[in-house]
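Peer 1: Chain residues, written in single-letter form:
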Amino acid sequence: MARRYVIVGNGPAGVTAAETIRQHDAAGDIRIVGGEDAGFYSRPGLAYLLTGAIPEQRLFSRPDSGYERARVQRTVGTVREIEPRSHRVELVDGEVLRYDRLLLAVGARAVRPPLPGIDLQGVVTMDNLEDARRILRLVKRARRACVVGGGITAIELAEGMAAHGVETHYLMRGDRYWGSVLDPHESALVEQRLTEDGIRIHRGLELAGVIGRKGAVSAVETTDGGRLACDILAVAIGTQPRLELALQMGLATGRGIWTDPTFQTSDPDIFAAGDAAEVLDPATGKRGIDSLWSIAIEHGRVAGEQMCGGGQPYRRPAPFNVTKIGGVTTTLIGSVGSGGREADLVTLARGDSHAWREQLDGFVVVSDREANHLRLVLGADRIMGAVVMGDQALSRPLQHLIRERVDIRWVRDRLTQGPAEVRQALMSLVERTVSLGAA
Amino acid sequence: MTVGLLQRDRLKRRAMVSAMVVAESVRCVECGICTFNCPLGIDIRAHVRQGQPVSNGRCLTCGECVARCPRGTLRFEVSPVFSILSLVGGG
Numbered sequence: 003m004a005r006r007y008v009i010v011g012n013g014p015a016g017v018t019a020a021e022t023i024r025q026h027d028a029a030g031d032i033r034i035v036g037g038e039d040a041g042f043y044s045r046p047g048l049a050y051l052l053t054g055a056i057p058e059q060r061l062f063s064r065p066d067s068g069y070e071r072a073r074v075q076r077t078v079g080t081v082r083e084i085e086p087r088s089h090r091v092e093l094v095d096g097e098v099l100r101y102d103r104l105l106l107a108v109g110a111r112a113v114r115p116p117l118p119g120i121d122l123q124g125v126v127t128m129d130n131l132e133d134a135r136r137i138l139r140l141v142k143r144a145r146r147a148c149v150v151g152g153g154i155t156a157i158e159l160a161e162g163m164a165a166h167g168v169e170t171h172y173l174m175r176g177d178r179y180w181g182s183v184l185d186p187h188e189s190a191l192v193e194q195r196l197t198e199d200g201i202r203i204h205r206g207l208e209l210a211g212v213i214g215r216k217g218a219v220s221a222v223e224t225t226d227g228g229r230l231a232c233d234i235l236a237v238a239i240g241t242q243p244r245l246e247l248a249l250q251m252g253l254a255t256g257r258g259i260w261t262d263p264t265f266q267t268s269d270p271d272i273f274a275a276g277d278a279a280e281v282l283d284p285a286t287g288k289r290g291i292d293s294l295w296s297i298a299i300e301h302g303r304v305a306g307e308q309m310c311g312g313g314q315p316y317r318r319p320a321p322f323n324v325t326k327i328g329g330v331t332t333t334l335i336g337s338v339g340s341g342g343r344e345a346d347l348v349t350l351a352r353g354d355s356h357a358w359r360e361q362l363d364g365f366v367v368v369s370d371r372e373a374n375h376l377r378l379v380l381g382a383d384r385i386m387g388a389v390v391m392g393d394q395a396l397s398r399p400l401q402h403l404i405r406e407r408v409d410i411r412w413v414r415d416r417l418t419q420g421p422a423e424v425r426q427a428l429m430s431l432v433e434r435t436v437s438l439g440a441a
Numbered sequence: 048m049t050v051g052l053l054q055r056d057r058l059k060r061r062a063m064v065s066a067m068v069v070a071e072s073v074r075c076v077e078c079g080i081c082t083f084n085c086p087l088g089i090d091i092r093a094h095v096r097q098g099q100p101v102s103n104g105r106c107l108t109c110g111e112c113v114a115r116c117p118r119g120t121l122r123f124e125v126s127p128v129f130s131i132l133s134l135v136g137g138g
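Chains as they are written, first to last, in the working numbering: chain A, 3 to 441; chain B, 48 to 138.
Any given hint could be a false lead.
Unchecked claim - Example chain A residues on the side facing chain B (calculated, C-beta under 7 angstroms, incomplete):
| no. | residue |
| --- | --- |
| 1 | 44 |
| 2 | 46 |
| 3 | 60 |
| 4 | 63 |
| 5 | 324 |
Hints are computed from structural coordinates only; laboratory data are not their basis. In this text the structure is predicted, and so the values were computed from the model without any measurement. In this text, a Cβ means the ideal position worked out from N, Cα and C, and glycines have one as well.
Kindly produce the complete structure, drawing on both the sequences and the hints.
Peer 2: So, in structure tokens, the structure goes:
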């Protein structure tokens, strides 16, 4: 009998797993269940939908016909209950699916602080397309918006609303932006650009409550006793893996659903991948969560292979993201923790990785040229992390050098000298790696 | 500023005759800004997903997709045809 696969979650991990399973099991019965009507779209692209850089229909990167072509049956629905012993999945509408292998690629949801008024209309988070549509409806009539939180999502929300002419206030609990990952100069670069875009930054200000009128937000209260009138409050204080199904089944969980490097959970027939998975790294004995598009795709690929009974276990690469933060193109690679305070996030945000906060015992090299900025974290024999802001010429070679753990001992001294020398030393490293690889 | 513009124009002209757009898929988040801005409607994003260079004969190498990608996914690379020509002293 054909093996039955059920995948819960229609995001990058779930869909990639479905495609991978089809490549390895031509006869298998593949069913993917997701709560959204929308097919497969780019979730990071929602930021560009908010600013108006791209229309909604262009976010759909894979047409619905792709499911048919891969012979994957897509069901729009919500799972009510899973019974691991009988291998049954029951949907809210009563339909029952049976599985031999199950994948939980359920993602994460934005956390809301437990404050009075937090569920009023006009208080928004951004998890999915429906949330982005709601924000776009609100900005048409809004005059003033407040944003609280940190990481990339808070900035994307602020810029999205400012792009529509809404007077936007960004309330920071700490004294600078994303203090746990960026150094003070990097925070200042981002803050300067936000200010140039008309976003008003308030430092050391914490949300105390949300005031409503006729069921909708009309102002926020701050812990210093102040009050700021607004029609929208956007919250981006972090995301929480969706654990409900895993908890209900009694799977081992921590912050996320615990898996080994094959993405198997504590039940051998159930796998978890993407933003919901907290994956064990056998090299360090630690578990980690990443909330990154390319990593979710890699999770889905490896999990799909493993569900078919083959493939290599997952090897976590140095987490990497490149995006515009306040208009400054920024690449974060590996361990770049600045040791600063995590003031505005209560947990991991979208487009984020725990690894970036790791502050290893390394030597930090900083090189600035006008608006361009490079920070390297050097270990004894390799580069452990890098932040590249502005000019991105070095981000691609650095990505390679960090991910491949290239030995830097022969140029380490040069890397601690001036900007020009750093650039040349990095290029020599890349050239040597390429020529060794080709030899 | 004028020097910068001239330099950009020179690079652009050079790219138009000898380069093609290549992608680094790991940077791509499939937002579609590249495809949306292609004046010829080439589905750049599909090329990126498949890890393929934009070798479509219609590509003008105008650079719109390279410039607009918010994640630095795309870049120009000298087409292998031209590097071979330069190796043999042609082109």
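Peer 1: Each hint should be assessed against the structure and marked as holding or not.
Peer 2: Hint-by-hint comparison with the structure:
1. 44: Interface hint status for residue 44 of chain A: holds (4 angstroms vs cutoff 7 angstroms).
2. 46: 4 angstroms, holds
3. 60: 4 angstroms, holds
4. 63: Cβ of residue 63 of chain A sits 4 angstroms from chain B, so the hint holds.
5. 324: 5 angstroms, holds
The structure shown violates none of the earlier numbered hints.
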